[in-house]
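J.: The lines below spell out each chain.
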Amino acid sequence: MKASRFQSQDHIDTGRRQFLKLSAATGAGLTLGLNLTTRASAQAADSPALQFNAFVNISPDNTVNVYIKHLEMGQGVYTGLATCVAEELDAAWSQVKCEHAPVDTEKYANLFMGQQATGGSTAIANSFTQMRQAGATARAMLVAAAAQRWGVPASEISVSEGQVSHGSHQASFGELAVEAAAQNAPAPEAVSLKDPADFTLIGREDLVRKDEGKQNGTAVYTQDVQLPGMLTAVVAHSPRFGGRVKSFDASKALQRNGVEQVFEIENGVAVLAKDYWTAIKGRELLEIEWDDSAAETRSSGTILSQYRELVDEPGIVAEREGDVASQLNQGDSVEAVFEFPYLAHAQMEPMNCVAKVDGQRAELWYGCQGATSDQMAIAQLLGGKIEDVKIHTVFAGGGFGRRANPFSDYVLEAVRVARGAQGKPVKLVWSREDDMQAGFYRPAFVHKLSAAVDDQGMPTAFQARLAGQSIMMGTNMESMSVVDGVDNASVEGLVHLPYQVPNRQVEVHNTQAGVPVQWWRSVGNTHTAFSKEVFIDSLARKAGQDPVEYRLSLLKHNPRETAVLKLAAEKAEWGSRKLPEGWGRGVAVHTSFGSTVAEIVDVSVQGTEFKVERVVAAVDCGIAVNPNIIRAQIEGGIAYGLSAALADEVTLTDGNVDQTNFHNYRVLRMNDMPEVEVHILPSGNAPSGVGEPGTPPVAPAVANALAAATGQTLTRLPLRLT
Amino acid sequence: MAYTLLINGESHELDVDGDMPLLWAVRDHLNYTGSKFGCGMAQCGACTMQIDGQATRTCVLTVAAAEGRNITTIEGLQSPQGQALQKAWVELQVPQCGYCQSGQIMSATALLEQNPSPSDADIDTAMSGNICRCGTYSRIKQGIKLAANAVRDNEGAA
Chain U
1 MKASRFQSQD HIDTGRRQFL KLSAATGAGL TLGLNLTTRA SAQAADSPAL QFNAFVNISP
61 DNTVNVYIKH LEMGQGVYTG LATCVAEELD AAWSQVKCEH APVDTEKYAN LFMGQQATGG
121 STAIANSFTQ MRQAGATARA MLVAAAAQRW GVPASEISVS EGQVSHGSHQ ASFGELAVEA
181 AAQNAPAPEA VSLKDPADFT LIGREDLVRK DEGKQNGTAV YTQDVQLPGM LTAVVAHSPR
241 FGGRVKSFDA SKALQRNGVE QVFEIENGVA VLAKDYWTAI KGRELLEIEW DDSAAETRSS
301 GTILSQYREL VDEPGIVAER EGDVASQLNQ GDSVEAVFEF PYLAHAQMEP MNCVAKVDGQ
361 RAELWYGCQG ATSDQMAIAQ LLGGKIEDVK IHTVFAGGGF GRRANPFSDY VLEAVRVARG
421 AQGKPVKLVW SREDDMQAGF YRPAFVHKLS AAVDDQGMPT AFQARLAGQS IMMGTNMESM
481 SVVDGVDNAS VEGLVHLPYQ VPNRQVEVHN TQAGVPVQWW RSVGNTHTAF SKEVFIDSLA
541 RKAGQDPVEY RLSLLKHNPR ETAVLKLAAE KAEWGSRKLP EGWGRGVAVH TSFGSTVAEI
601 VDVSVQGTEF KVERVVAAVD CGIAVNPNII RAQIEGGIAY GLSAALADEV TLTDGNVDQT
661 NFHNYRVLRM NDMPEVEVHI LPSGNAPSGV GEPGTPPVAP AVANALAAAT GQTLTRLPLR
721 LT
Chain V
723 MAYTLLINGE SHELDVDGDM PLLWAVRDHL NYTGSKFGCG MAQCGACTMQ IDGQATRTCV
783 LTVAAAEGRN ITTIEGLQSP QGQALQKAWV ELQVPQCGYC QSGQIMSATA LLEQNPSPSD
843 ADIDTAMSGN ICRCGTYSRI KQGIKLAANA VRDNEGAA
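Quick mapping for you: the protein sequence lines, in order, are chains U and V. Residue numbers for the first sequence follow my numbering, so the first one is 1 and each next one is one higher. Residue numbers for the second sequence follow my numbering, so the first one is 723 and each next one is one higher.
Since the hints were derived computationally from the structure, they do not count as laboratory data. Ideal Cβ positions, reconstructed from N, Cα and C, are used throughout, including at glycine.
Subject to a maximum C-alpha distance of 25 Å in a straight line, what follows is the list of computed BS3-like cross-link-like pairs (lysine-lysine): (1) U:K571 / U:K556; (2) U:K210 / V:K809; (3) U:K566 / U:K556; (4) U:K390 / U:K107; (5) U:K210 / V:K867; (6) U:K424 / U:K274; (7) U:K97 / V:K809; (8) U:K107 / U:K97; (9) V:K867 / U:K611; (10) U:K194 / U:K107.
Output of the computed footprint for chain U on chain V, the stretches with three or more beta carbons under 8 Å from beta carbons of chain U: (11) 750 to 759; (12) 816 to 828.
Produce the complete structure using the sequences and hints provided.
T.: Okay, structure coming up:
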């Protein structure tokens with residue numbers, strides 16, 4: 001069997017209420033053509049799927065197709081969103097299939113953002129009611145069709161496990177699909193949704209994740225898309241950010257057999273070849289002179305030392321409560337400076353994108369995350385209309401924020417290359433080195449935290465001064481995130497402190513650097529949770545109090561963090577479980593993306609080496625739609641945060657990124673992975689995020705465990721004992 | 723130059739440069755796309771195939787060196803160990819993004835074929851060359867143990 005398989009869907013044409021499902025069967029040596037995306041396959045023609053609404057199609061063969069408006073990049077949106085639909089549709093889980101929805105902002109906007117996009121751990125939170133309504137309205141249409149067919153009142157009809165029944169009458173969804181799809185769709189508000197007590201799929205521990213072909217190599221990612229006549233492109237980027245091509249000589253590259261084209265694009269030189277290897281070898285033969293007159297040429301050490309000076313000076317006030325200055329000037333105070341490096345996302349699938357450009361029209365295939373924003377940017381680049389940009393979304397090999405770039409960087413690069421390819425489809429592929437060195441990164445930050453404490457050791461004043469690049473300024477997200485010079489993405493997690501402190505002030509310096517920055521799994525919380533939670537532990541130690549008890553005494557008006565912290569402490573047997581000699585235990589709790597996570601970490605220490613042995617996590621994320629996926633996301637969030645705690649770091653020397661690949665950008669591996677336990681707090685509240693909130697607490701919990709074991713308070717990531 | 727590659731029991735003629743890594747020959751020219759590109763320097767394991775039964779990073783193994791050897795990709799995985807692993811992966815819902823999982827399963831298969839009852843330390847040693855940025859390591863470890871048990875139970879029954 002050969003694995004050239006490519007699934008795609010054409011547009012959903014609401015006028016004809018007909019959806020053409022266009023998938024091609026796996027076949028020996030079959031390369032799937034563009035033509036397949038414009039006509040139905042024989043199989044689909046036999047069993048046309050009928051559209052009930054933007055999210056639900058049901059075929060006469062009894063398949064329920066759910067259109068997923070968010071990118072499936074591992075976080076489980078296929079299963080999560082389909083569960084919500086199937087729950088209210090009363091479908092059998094086995095008959096439900098998922099596909100990515102097309103990019104169509106009107107139908108598929110993220111309800112929290114007003115544009116089609118995946119991010120901010122909002123997939124379930126913004127879709128929970130919408131997907132249930134989509135299932136409930138489709139169910140109402142099936143019931144109406146059955147009532148008509150059988151001549152019975154709709155109110156007497158029951159639906160269960162994909163079967164519609166009344167007395168002796170029974171029909172499957174498939175048998176009713178044609179008549180049901182012809183019914184008037186009720187308004188979403190006109191259908192009633194289930195009482196959570198009646199849920200049969202939502203909250204189920206044993207609901208198996210939809211088969212995405214990830215255990216047998218059949219799942220299709222951007223890297224796997226093959227089109228007839230397609231060329232593979234690699235781009236030589238400037239070694240320094242902001243550098244431009246001054247001149248280049250492609251003659252040697254063009255002599256290489258299989259190299260088809262070499263040309264300059266806005267940000268580098270593109271090499272197009274018959275395959276990836278040839279393109280890479282061609283690129284090695286390029287001779288390029290770069291113009292660094294506008295490039296960032298500083299080292300990261302220089303940048304960070306400037307930040308350290310800045311946090312001694314007042315910044316823009318992000319939050320002010322009471323009078324911090326007078327409190328800090330009298331009595332006992334504590335101060336600490338924290339440092340955070342630039343971080344690469346280092347998702348397993350390096351950036352890539354398949355594009356075909358014909359004048360002002362474009363068709364793209366990739367793990368599309370910032371859908372509306374990408375589509376608009378492409379249309380603008382080509383001078384065409386939004387509807388002339390057609391995007392097919394495929395699975396993404398990890399994202400962690402990287403694929404939704406505010407400037408659509410790698411997507412526009414692919415379009416620019418494809419524009420020069422004379423109508424041929426082009427697969428732009430970044431090597432790992434390109435991915436590591438071309439940006440975008442979690443910004444480097446320095447924090448200076450100060451507190452005044454009373455004679456009981458409780459804080460009376462808290463001040464945080466931050467210095468780092470704003471992620472949102474200068475992007476199309478600026479108006480959403482930046483108020484009076486303060487980017488919420490810089491200070492989130494330190495403003496609105498959950499701990500009760502009467503006088504508080506948070507200030508920020510928005511620094512300028514030529515290093516491109518972007519959100520990285522949990523955004524500002526990647527650094528703010530660390531300084532906040534390590535600092536609060538320092539205060540507890542100074543007060544001679546247990547870190548959990550100290551936190552609880554400052555969280556008396558915060559029942560949610562209290563409950564989550566108590567659950568983690570109980571499950572980890574905080575205070576009662578005896579640790580082996582040389583081990584330490586630490587705690588951190590943090591709220592982000594609407595969810596609260598507490599983590600308790602055990603470390604073993606030998607000299608300056610340490611190992612994270614165990615993490616016990618508790619999470620409150622509202623109603624748990626799929627507990628197993630929630631646990632997987634918290635486990636993964638912990639692993640991702642732990643990688644940054646132990647190893648990840650991007651540094652620059654004279655503007656050149658020092659790291660190139662996984663041998664010098666170290667990431668968490670199997671032998672570093674601790675035992676992880678995740679406990680979900682029962683809740684009847686609306687679902688909140690799980691993709692990101694597991695990440696912030698782990699690094700501070702590890703640092704606090706190391707402090708408990710060694711007495712060393714570590715304030716710099718990655719963590720190094722001395 | 724023409725090379726003959728024996729992949730999943732099938733012979734393929736291929737005219738590429740001998741220094742092309744096997745991964746790219748297989749992906750770009752023979753359309754077996756289950757094996758993934760992650761690093762290009764044998765650091766991440768996403769490209770792992772079995773060469774004569776050994777888990778091998780094919781992003782650094784040249785076509786010239788692979789000629790005449792038995793190459794197994796995820797698409798051709800048929801050993802009881804491999805199939806038990808695939809089943810365990812579904813049962814424990816191991817994959818998240820899934821991009822590394824072909825390589826993880828190929829490395830785990832080679833481990834179980836050589837060591838039917840691996841300890842935690844054996845698993846760490848065999849699997850630490852395979853990176854998963856989604857952090858599915860705990861489930862991978864559980865999956866290997868589940869599959870090892872299933873294979874042993876099956877052999878006991880047979």
